[in-house]
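Chain by chain, the residues run as shown.
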Amino acid sequence: MFIEINHINKQFLNKENQPVDILKDINLLIDKGEFISILGPSGCGKSTLLNIVAGLTKATEGEIYVNDTKVTKPGKDRGMVFQQAALFPWLNVIENVTFPLKKEMSKKEAIETAKKYLQMVQLGKYTDHYPHELSGGMQQRVAIARALAMNPETLLMDEPFGALDEQTRSRLHTQLETIWTETKKTILFVTHSISESIKLSDRIIVMGTKPGIILQDIKVDIPRPREEHKQEMIELEDYIMSFLKKEIDKVVSEELAV
Amino acid sequence: MKKFIRQVIFFIVVVFLWELGSRLELWMPIILPSPSMVLEALIQGFGDKTLIYDLVASFKRLFIGLGISLVLGSLIGILLAKSKYADDTIGSLILALQSVPSIVWLPLAIMWFGMNEVSVIFVVVLGGTFVMTLNMRMGIKNVSPLYIQAAQTMGSKGIDLFIRVVFPASIPYVVTGARLAWAFAWRALMAGELLSTGPGLGYTLQYASDFGDMSLVIGVIVIIGVIGSVVDQFIFNRVEKSVTRRWGLES
Chain D
0 MFIEINHINK QFLNKENQPV DILKDINLLI DKGEFISILG PSGCGKSTLL
50 NIVAGLTKAT EGEIYVNDTK VTKPGKDRGM VFQQAALFPW LNVIENVTFP
100 LKKEMSKKEA IETAKKYLQM VQLGKYTDHY PHELSGGMQQ RVAIARALAM
150 NPETLLMDEP FGALDEQTRS RLHTQLETIW TETKKTILFV THSISESIKL
200 SDRIIVMGTK PGIILQDIKV DIPRPREEHK QEMIELEDYI MSFLKKEIDK
250 VVSEELAV
Chain E
0 MKKFIRQVIF FIVVVFLWEL GSRLELWMPI ILPSPSMVLE ALIQGFGDKT
50 LIYDLVASFK RLFIGLGISL VLGSLIGILL AKSKYADDTI GSLILALQSV
100 PSIVWLPLAI MWFGMNEVSV IFVVVLGGTF VMTLNMRMGI KNVSPLYIQA
150 AQTMGSKGID LFIRVVFPAS IPYVVTGARL AWAFAWRALM AGELLSTGPG
200 LGYTLQYASD FGDMSLVIGV IVIIGVIGSV VDQFIFNRVE KSVTRRWGLE
250 S
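Chains D and E supply the protein sequences, listed in that same order. Taking numbering that gives the first Met the number 0, the leading residue of the first sequence gets 0, the next gets one more, and so forth. Taking numbering that gives the first Met the number 0, the leading residue of the second sequence gets 0, the next gets one more, and so forth.
Simulated from the structure, these hints should not be mistaken for laboratory data. Bear in mind that the values here come from a model prediction, so they are computed numbers and not experimental data. There are no misleading hints in this set.
Straight-line distance between alpha carbons at most 27 angstroms, and here's what the computed DSS-like set of lysine-lysine pairs gives:
id : chain 1 : residue 1 : chain 2 : residue 2
1  : E       : K156      : D       : K69
2  : D       : K75       : D       : K57
3  : E       : K156      : D       : K107
4  : E       : K156      : E       : K83
5  : D       : K229      : D       : K218
6  : E       : K156      : D       : K114
7  : D       : K101      : E       : K140
Example chain D residues on the side facing chain E (calculated, C-beta under 8 angstroms, incomplete):
id : residue
8  : A53
9  : L55
10 : P73
11 : G74
12 : K75
13 : G78
14 : F81
15 : P88
16 : W89
17 : P99
18 : Y129
19 : H131
20 : M149
Just so it is clear, CB atoms sit at the ideal spot from N, CA and C, and this is done for glycine as well.
Please model the entire structure based on the sequences and the hints provided.
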């Protein structure tokens with residue numbers, strides 16, 4: 000297996016210093032080149048799980064192997080795209096994309112590599128712009144190019160399109176699918192949108208909340224491009240919704256109780 | 000532009016009323032000389048080059064003193080932001096020192112360094128350093144964790160992370176710190192020069208006062224005010240605005 004997530008538990012301390020279970024006994028095996036969505040209501044710990052895979056957060060128990068190497072810290076083999084683009088505002092687009100390349104190649108090579116990936120996200124003309132001059136969708140595409148530029152085998156995406164409008168999101172779905180087909184990356188994609196996960200992924204890992212557990216591991220067999228199979232997508236959406244609803248109700252009733 | 004015109008008209012009116020009051024002898028010239036007398040004193044001062052020597056001398060001290068305080072303040076600020084231990088100890092000392100007007104150190108400085116430029120520069124350094132320290136510390140502590148996480152996933156850590164991400168991310172605070180350090184240093188410089196030796200704007204102000212040359216006193220005050228506001232408005236304000244815009248901090 001390319002990524003092995005073994006018995007991951009994660010606890011946080013709450014205000015009264017009591018340990019709270021965020022993730023409980025998460026087990027997941029992922030093949031090389033798979034597009035996996037991690038789907039769940041807010042607060043189910045899906046972003047925490049992604050951060051643990053990225054090496055940004057430590058698990059309380061359990062271990063993760065990526066390509067047979069145990070994850071202990073962040074690494075260039077796992078590129079990450081956050082919900083906010085997290086571009087460095089003091090650098091222009093090309094400098095942002097070459098940021099991770101500084102140590103491993105000459106400046107000229109770095110710029111060529113960066114241009115290649117900027118063209119892939121269709122921003123080849125914006126190399127000299129600064130992040131504040133770009134729209135949210137464009138910033139997110141630069142962030143994707145930046146993550147791709149280090150040529151990681153795994154791409155971790157934490158609700159990357161969550162802050163974008165519907166049209167932009169839909170366009171970026173198509174672009175991401177193309178990139179995935181071209182580059183054969185293994186993608187872990189965290190989202191709370193059922194339709195987004197159905198549109199993009201090979202497998203959907205549905206998570207429940209309090210504590211975060213894996214409820215279902217659904218293989219999506221709808222052929223791509225999936226826009227041509229609307230009916231099957233809707234059926235799958237209803238199916239997932241039927242047991243996710245209970246989890247969402249749980250979150251809502253708790254929020255109302257507070 | 001409308002604002003600029005309003006400001007110009009305002010200043011013309013003030014100067015006009017002031018000149019009018021002087022001409023009508025509402026007050027004695029020794030109490031408040033007229034604008035034309037001040038202008039004459041300035042022309043004479045620049046004509047015989049004393050004011051030019053003063054400006055050069057004052058700016059030399061300012062650049063040395065402010066330069067030292069920016070570097071020193073940044074270094075201490077970084078130390079405080081990075082070390083909890085230093086923050087608890089040195090940090091509290093700096094907070095206390097920051098509330099002391101730097102000119103009160105002048106008697107001590109004169110004992111240490113003598114009645115000379117070094118004492119004035121020492122006071123200027125004290126004037127600028129602490130505010131720079133506190134801003135640098137704030138800037139580093141307020142770097143968005145998102146930038147740090149993003150950099151870490153791209154293999155950056157340690158010194159590389161600091162130089163390429165943490166420091167540039169705190170630039171808006173550095174600019175604010177530098178602006179305040181300049182303002183404090185400028186005030187400290189003038190106070191120091193008033194009580195110290197020449198040449199220098201503050202010294203000439205004191206000298207003119209001793210000889211009852213009120214026109215020159217006011218002339219020097221005008222120069223100090225103009226330099227202060229020009230540097231603040233035309234340099235720091237612009238830099239701050241463009242940094243705020245680019246760093247995406249506009250509200």
